[in-house]
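Trainee: What follows is the residue order along each chain.
There are 2 protein chains.
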Amino acid sequence: MTLLQETLQAILPQDQEWRDQAKNRLDQLTMPHWALGRLMDLAVDLAGMTRSMNPPVSRKAVVTMAGDHGVVAEGVSKFPSEVTPQMVGNFVNGGAGINALANQVGARVVVVDMGVAADLSAMAKSGKIIDRKIAFGTSNMAKGPAMTREQAVAAIEAGIDVARLLGGEIDLFGTGDMGIGNTTPSAAIVAAITGISVATVTGRGTGLDDAQLDHKVKVIEEALKVNQPDPHDGLDVLAKVGGFEIGGIAGLILGAAAQRKPVLIDGFISTAGALIASTIAPSCRDYLIASHRSVEQGHRIMHQHLQLEPLLDLNLRLGEGTGAALAMNLVEAACRILTEVATFEEAAVATADK
Amino acid sequence: MTLLQETLQAILPQDQEWRDQAKNRLDQLTMPHWALGRLMDLAVDLAGMTRSMNPPVSRKAVVTMAGDHGVVAEGVSKFPSEVTPQMVGNFVNGGAGINALANQVGARVVVVDMGVAADLSAMAKSGKIIDRKIAFGTSNMAKGPAMTREQAVAAIEAGIDVARLLGGEIDLFGTGDMGIGNTTPSAAIVAAITGISVATVTGRGTGLDDAQLDHKVKVIEEALKVNQPDPHDGLDVLAKVGGFEIGGIAGLILGAAAQRKPVLIDGFISTAGALIASTIAPSCRDYLIASHRSVEQGHRIMHQHLQLEPLLDLNLRLGEGTGAALAMNLVEAACRILTEVATFEEAAVATADK
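Chains A and B, in that order, are what the protein sequence lines are.
Each residue of the first sequence is one higher than the one before, starting from 533 at the first, in my numbering.
Each residue of the second sequence is one higher than the one before, starting from 533 at the first, in my numbering.
Hints are not guaranteed to be accurate.
Given that identical chains are not distinguished, each listed pair holds provided it fits within a single copy or across any two copies.
Claimed, not checked - In silico lysine to aspartate or glutamate, EDC-like type, Cα no more than 20 Å apart, as pairs:
#1 Lys-675 to Asp-762
#2 Lys-610 to Glu-877
#3 Lys-675 to Asp-768
#4 Lys-610 to Asp-742
#5 Lys-555 to Glu-877
#6 Lys-675 to Glu-753
#7 Lys-610 to Asp-559
#8 Lys-555 to Glu-872
#9 Lys-675 to Glu-754
These aren't lab readings, by the way, just hints derived from the structure by calculation.
Given the sequences, and given the hints that come with them, work out the whole structure.
Mentor: Below, the structure written as structure tokens:
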């Protein structure tokens with residue numbers, strides 16, 4: 533059995549008994565009923581995911597998957613591909629947005645080279661990044677498939693492998709991405725899987741103007757026409773219009789779900805990875821927490837398709853895992869509500885009139 | 533000069549030069565322009581409030597002001613007034629929602645008896661709460677003023693005094709409340725100050741049904757008719773249809789603003805306190821951060837009046853300072869973006885095409 537098959541078999545839905553047990557306690561807390569709203573919904577989910585009334589979430593990592601994209605040759609991004617390895621260096625040196633926000637919540641930042649179009653072997657040898665490079669960037673999806681089906685499987689298995697590697701020391705995962713041009717494959721993925729028009733799901737990425745956005749839409753439409761991805765086959769969608777870091781994110785999600793661990797999904801690119809993962813294994817959705825709603829307009833459509841309601845809405849559009857890091861505080865808060873707040877009986881507080 | 537007058541004179545607007553300096557650095561960070569959205573807006577505000585490029589926010593306190601309400605005699609709440617002192621005991625024992633959420637972010641919980649209708653002197657003597665009790669609950673505002681103007685001034689000065697007492701050891705304040713029935717005076721305050729109808733601003737509090745909500749609206753309309761508060765005189769509004777803990781919150785806000793310290797406003801009751809404070813000293817708004825939008829329907833109207841956009845929207849309706857505690861993480865995150873993220877020049881990362 534392959535690593536992917538083995539992982540898919542291990543993914544079970546949330547446990548209803550643990551959900552019920554959590555709900556029963558939360559119903560009795562010293563507050564008006566369910567007065568902490570969505571944090572209490574989240575606490576029920578965490579109990580159902582982890583099979584615990586004290587869900588472990590203190591050991592946290594944001595896994596930032598990096599890769600480059602052949603489609604950048606079509607002029608879909610304001611930044612050149614050389615920024616991808618430069619930003620990997622910035623992550624390693626602690627100077628990026630994700631470093632600051634992971635520090636705030638006490639999370640590790642784990643950087644994985646899934647397919648950066650530059651030689652990062654020195655950083656990998658010194659242990660600063662994990663090397664799972666599939667290739668030096670994808671092929672240009674406007675001309676043919678972004679990668680082979682074998683590469684798509686390898687990307688997902690690399691993500692699963694990273695989740696396993698970290699599993700012994702991490703309770704709560706966050707996804708992250710770095711890859712110049714990667715809103716383009718992400719928009720292609722959501723259009724392919726949901727059938728919603730490219731113009732509706734495509735946004736300005738790092739800051740395109742109207743004419744550049746129009747061009748990006750045409751490039752994505754061309755990629756879908758040339759490749760004809762099968763919307764019911766996540767591996768086919770990933771291979772034809774995806775990216776190596778998107779495959780790595782999908783694998784990380786599947787690997788976390790197989791370990792019954794919650795995984796916070798960051799922004800537009802990470803949620804494209806979640807779409808791929810949920811197309812392959814629908815039950816993995818039970819382990820997803822949508823961290824935020826980004827400025828990128830297709831993000832809302834992704835969340836609707838996944839039936840997830842994001843926790844934060846702060847006009848973020850950075851990626852890297854920054855939204856996931858921010859939302860880790862809310863996951864911790866939800867656990868503390870379940871474990872630290874007294875019931876009416878425990879605290880001898882009078883209840884509401886019935 | 534009275535403590536109140538002295539405090540009002542010390543409240544200055546945010547400093548534009550420090551705001552500009554922060555904006556200038558944030559413009560150059562290694563990310564697409566302003567890609568961390570509202571956290572970057574918040575970082576500019578924090579620099580303008582604290583006159584610093586490294587705004588101090590690490591020493592945090594949620595100040596939970598407690599008081600009772602004579603209007604509970606009209607049957608406006610599902611819980612009896614005896615729950616107010618019981619919940620104060622719960623705060624002191626660490627078993628309430630605010631304890632769990634303050635623990636998560638590393639904030640102190642400071643409980644102040646502003647006017648609980650029970651003898652809490654034993655807790656005050658042992659140093660577990662601060663005693664600033666104005667009276668054993670307000671008078672019934674449906675029959676006449678909730679308090680005298682002198683008591684209103686005393687409540688606000690007590691809040692200022694608490695801010696001073698804590699000022700040497702606290703950088704970041706959060707407001708909180710406990711008081712059975714206190715959504716009723718809060719709705720009266722927003723109706724009085726904004727002129728919007730009572731039915732529009734009044735919500736279900738701890739869980740009223742339709743008939744109970746209808747009754748609550750009639751009680752508030754009666755209170756406004758009987759008392760005729762002057763919407764331009766915050767002290768008059770507080771005296772006639774307010775509460776002791778709401779006055780304490782207004783004072784805490786004025787005291788924090790006078791110290792140029794940011795103050796996170798919690799939910800519906802805390803924001804009623806902010807309305808009172810901003811009616812007395814409009815510049816204090818420059819130091820307010822709206823932590824969340826609650827389920828209580830008048831909360832949105834309060835934020836519009838104050839021109840504040842809340843950070844979180846999680847269906848909370850608890851009070852106690854719980855939303856303020858949650859949002860403290862976002863304030864810390866905003867500071868870290870300003871201080872820890874490298875600029876393009878520092879990190880030698882290529883910039884976008886112009």
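Trainee: Which hint numbers doesn't this structure obey?
Mentor: none
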